[in-house]
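K.L.:
Got chain A sorted already, so can you dock chain B onto it with the hints?
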Amino acid sequence: SQQGEEDPQALSIQEGENATMNCSYKTSINNLQWYRQNSGRGLVHLILIRSNEREKHSGRLRVTLDTSKKSSSLLITASRAADTASYFCATDPGGTSYGKLTFGQGTILTVHP
Amino acid sequence: DAGVTQSPTHLIKTRGQQVTLRCSPKSGHDTVSWYQQALGQGPQFIFQYYEEEERQRGNFPDRFSGHQFPNYSSELNVNALLLGDSALYLCASSPQWGTEAFFGQGTRLTVV
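Chains as they are written, first to last, in my numbering: chain A, 1 to 113; chain B, 114 to 225.
These are calculated hints, taken from the structure and not from any lab test.
Certain hints may be false.
Here are the simulated DSS-like pairs of lysine-lysine, each with C-alpha atoms no more than 27 Å apart in a straight line [unchecked claim]:
id: 1; chain 1: A; residue 1: K56; chain 2: B; residue 2: K139
id: 2; chain 1: A; residue 1: K100; chain 2: A; residue 2: K69
id: 3; chain 1: A; residue 1: K100; chain 2: A; residue 2: K56
id: 4; chain 1: A; residue 1: K26; chain 2: A; residue 2: K56
id: 5; chain 1: A; residue 1: K26; chain 2: A; residue 2: K70
id: 6; chain 1: A; residue 1: K100; chain 2: B; residue 2: K139
Here chain B is said to cover these stretches of chain A; the calculated rule only asks that three of the stretch's residues, wherever they fall, bring their Cβ under 8 Å from a Cβ of chain B [unchecked claim]:
id: 7; stretch: 29-43
id: 8; stretch: 100-113
Please read all numbers here as calculations on a predicted model, not as lab measurements.
Note that beta-carbon positions come from the ideal geometry of N, C-alpha and C, so glycine has one too.
Looking at chain A on its own, in the form it has when it is part of the complex:
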């Protein structure tokens, strides 16, 4: 079963614009991760944020986590055509279930040149 729900399901923007994707989840987590997938191939890890962190940056990526609302957001600034892909959030419950990732349905991002 899918733990997370991602919003929006699809996002279409122009190059240079910012893209924001949201993820909600249901149970307690140790960390939340964001992945990118191009054309149904393997997933590429983007960023990991732990449950005791509120915000994290990596290059053009900014991730926030609100554990009280059980939600996270991924912001991609100054989008490029190469950012076109599906983006997934994944939660890791930690403890005895460490590494058992539960993924959301994903957001399909299209960046037009």
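P.N.:
Only chain B this time, still in chain A's reference frame:
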């Protein structure tokens, strides 16, 4: 570093047959997890192997089984294939008690 490698890339099987998928983890990683990703969906956790034993399992029937070898490589076996088993099967590796998972390019299984 070759990263996580999976074989084969594509596979077509007939309903009722059995299939074996293979995965070599990233160098230095001893934990391997398998995921099933249906078209248009997010990946779903099948099981995880560590020290040649199944450490965790998702909600998949016993038709799905696996193995991990001493060199940490892993196999996923699916028996009595159903049409609904058609999906992209992803292997991921991570260091012991590691955090981020590194994924292979996947095996696209089509059951006809």
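K.L.:
Next, verify each hint and record whether it holds.
P.N.:
Okay, the hints, checked on the actual structure:
At roughly 26 Å between alpha-carbon atoms, A:K56 and B:K139 fall within 27 Å of each other, so this suggested pair holds. The hinted pair formed by A:K100 and A:K69 meets the criterion: a straight-line CA distance of about 22 Å does not exceed 27 Å. Taken as a hint, the A:K100 and A:K56 pair is honoured in the structure, with Cα atoms around 22 Å apart against an allowance of 27 Å. Straight-line distance between C-alpha atoms of A:K26 and A:K56 comes to about 21 Å, which keeps the hinted pair within the 27 Å bound.
With a C-alpha separation of about 7 Å, the suggested pair A:K26 and A:K70 falls inside the 27 Å cut-off, and the hint holds. Proposed proximity of A:K100 and B:K139 is supported: the alpha carbons are some 18 Å apart, at most 27 Å. Chain B is given as covering the stretch 29-43 of chain A, and this holds because 7 residues of the stretch bring a CB closer than 8 Å to a CB of that chain, at least three being needed. Counting residues of the stretch 100-113 of chain A whose CB lies closer than 8 Å to any CB of chain B gives 7, which reaches the minimum of 3, so the coverage claim holds.
In summary, this structure violates none of the numbered hints.
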